[in-house]
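Q: Next come the chains, spelled out residue by residue.
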Amino acid sequence: MQSNAALEYDYSVAKLFTYTTILFGFLGMLIGTLIAAQLAFPELNYLLGEYGTFSRLRPLHTNIVIYGFTLSGVWATFYYSGQRVLKVSMAESKFIMAVGKIHFWLYFVAALAAVVSLLLGFTQSKEYAQMEWPFDIVVVLIWVLWGIAMFGLIGIRREKALYISMWYYIACFLGIAMLYLFNNMSVPTYFVSGNVGNILHSVSMYSGTNDALVQWWFGHNAVAFGFTVPIVAMIYYFLPKESGQAVYSYKLSLLSFWGLMFVYLWAGSHHLLWSTVPDWMQTMGSVFSVVLILPSWGSAINMLLTMKGEWNQLTENPLIKFMVLASTFYMLSTLEGPIQAIKSVNAIAHFTDWIPGHVHDGVLGWVVFMIMAALFHMAPRMFKREIYSKKLMEAQFWLQTTAVVLYFTSMWIAGITQGMMWRAVDEYGNLMYSFIDTVTVLHPYYAIRALAGVLYLTGFLMFAYNMFKTMTSSRELSEEPQFRSPMA
Amino acid sequence: MFHWLEKNPFLFSVGVFLVIAFAGIIEILPNFAEASRPVQGLRPYTVLELAGKEIYKKDNCIACHSQLIRPFKAETDRYGQYSLSGEYAYDRPFLWGSKRTGPDLHRVGNYRTTDWHENHMWEPTSVVPGSIMPAYKHQFTNIADIETAYAEAVTVKNVFNVPYGDDIKPGKAAFEAYKPKILAEAKKIAADMKNKDVKDAVAAGKVPEVVALIAYLNSLGSDRYEAKK
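In the order they appear, the protein sequences are chains R and Y. Each step along the first sequence adds one to the number in numbering that gives the first Met the number 0, with nothing skipped, and position 403 is 402. Each step along the second sequence adds one to the number in numbering that gives the first Met the number 0, with nothing skipped, and position 125 is 124.
Please note: incorrect hints may appear among the correct ones.
Stated by the list, open to error - Far from chain Y, by Cβ distances over 10 Å, these chain R residues were calculated:
1. ASN44
2. THR208
3. ARG380
4. LYS468
Said to hold, decoys possible - Think about it this way: if two alpha-carbon atoms lie no more than 27 Å apart in a straight line, the pair counts; the simulated DSS-like pairs of lysine-lysine are:
5. R:LYS342 x Y:LYS98
6. R:LYS159 x Y:LYS6
7. R:LYS307 x R:LYS390
8. Y:LYS56 x Y:LYS193
Just so you know, these hints were derived from the structure itself, not from any lab. Backbone N, C-alpha and C fix where the C-beta goes; we use that ideal spot for every residue, glycine too.
Here chain R stands alone, though its shape is the one from the complex:
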């Protein structure tokens, strides 16, 4: 039998990923705010010569927030909570510790190199899979290293039953591995053509409609397994830990998990409604998108009910506020998505700003809020100091919540306005508006969205400052807090 003495967990890898979460979060949101402003004020396209146009920067924004910020957050929380739910310390195995560290450094160097390559315009032009083939190989290596660290820890665990969060981390690992491998299948042209041309260049294994189908099977589910699955892993760990409440229902978590696994993958074709993909697949995409409400809301409701009888914590602890709001935005976003996946609605919504609006109420309200809350919870335990400022955290919460609301409302209006104008006809059946009319009309909404970006970025800087002060100069703690995180 293991003694009941508390294990000394080792957070060195979790800390490293925490730093990059903050770094890439800032960088990704800064570029996001800039490109949002460019749509309202096109003169801002010329700050960096050919490298500063909206088109060149947009993949940088998406890749940095997905593969920089979110993945760092996923790994920071995994290397923190993984040890704790498995009841095993990283320090117990020199091998796993080394793998964890190599995992981090290879990731960090590759991420920086990828940023440069995208800025220079080396791209496969597949959304969220822009990186060229040599990077894909490094990504696979990084993923395998994570797998070794995770299954290594599982192999030497003391707690035999895997906690719910671990289910989701495992699913994230397997899902992204499968999707990424198949979507990035390509043939490097340099080798086939007898050493002609650029060595970085490749052509996709799939053409046209097939390529579209594989790409959105990937694109949709990269969101599923990157922006949903590991974030659910976080909330299942951090909300009960911070509130001191047990998860409301084990059965509901089972249903939500297996439901999510089965249903999510089908929904990818809702990105291709009214396209040249066969009709039956489009309908499958619509139907499964609607069914997807069940497992998504299952998790969210399970989390909200976990707070049953303890709602007073919502007013007392800003960290609980972050997580409850994240859960609520998750519900909003997973209702909005299925609505957009209905063919008649999609006919208006597709190609408009309603889509980025939907993406951002999900990521700003759910993903980023949850990751920040997780890091806030981890900080006093990793750095053994109380959180620097509760007031700052409260202010940040309201500032960013306002920003998210401004963002999605302006984009809803912009999207529906544009969708309606594209199809408007006069009494003779002729199109009423030239395309440019439908662009200039959006100016005020683009300006509001840019403002929302500035507010959200400011909030993120407040978060970064609060974290920095917590790491360096806040009051030291003599023992680890049990539940609620101490804050000044």
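With chain R fixed as given, assemble chain Y onto it according to the hints.
A: What follows is chain Y alone, placed relative to chain R:
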């Protein structure tokens, strides 16, 4: 109920994998061969057009432009015949895009000309007042990588049986032998342009990015159907 599975990470992982792999197999596989067949009379992109497609990718035009005309009257009125699956048979990758900050381009070659594109890429507001598209002046001086475009043609010919002629074959020497054809095509485009840097570069045997891009944009539409010629 499932407690036994949660104590067995290996079986758990296998279970998760089977459940998530299921949808892809059912949705993607059955239609795979069918969806890759070209419509009748469709020709592959020329090497210059492929080089232009690379500029389209590099400057990431798909951030704002789609290439997918949906089967609605409002769209066919605005852009022309709705898109067919077989028209994309030679598109690797597909470039449908997911956002129309600017208009669709799938048939832009049918209603825009070389000189329109030249003015537009130099200063979009000169032809579309109120446009929020940035100017792409660097495309007038940057030189397109026709060698890599040639390598792409060789690759899709050899690996995916795209019907190119016998003069598209591996090796640097083959590329050098083929180069005059690319330049001849570029000269035809440049003849309709007025920018002096572009004309000088083409005369000196180089292909500025904008020339390749315009060749590609002109090919989007009926130009790639041999029946039309």
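Q: Each hint needs a verdict: does it hold in this structure or not?
A: Going down the list of hints, with the structure as the test:
With a cut of 10 Å on Cβ distances, R:ASN44 falls inside the contact zone with chain Y, its closest approach being about 4 Å. Some Cβ of chain Y comes within 10 Å of the Cβ of R:THR208; the nearest lies about 4 Å off, and the non-interface call is violated. The beta carbon of R:ARG380 is kept farther than 10 Å from every beta carbon of chain Y, the shortest such distance being approximately 25 Å. Non-interface call for R:LYS468 relative to chain Y: holds, since the shortest CB-CB distance, roughly 38 Å, exceeds 10 Å.
For the hint pairing R:LYS342 with Y:LYS98, the CA-to-CA distance comes to about 17 Å; that is within 27 Å, so the pair holds. Taking the CA atoms of R:LYS159 and Y:LYS6, the gap is near 6 Å; set against the 27 Å cutoff, the hint holds. Distance check on the hinted pair: R:LYS307 and R:LYS390 sit about 26 Å apart at the alpha-carbon level, within 27 Å; holds. A threshold of 27 Å between alpha carbons decides the hint, and for Y:LYS56 with Y:LYS193 the separation of about 25 Å falls inside it, so the pair holds.
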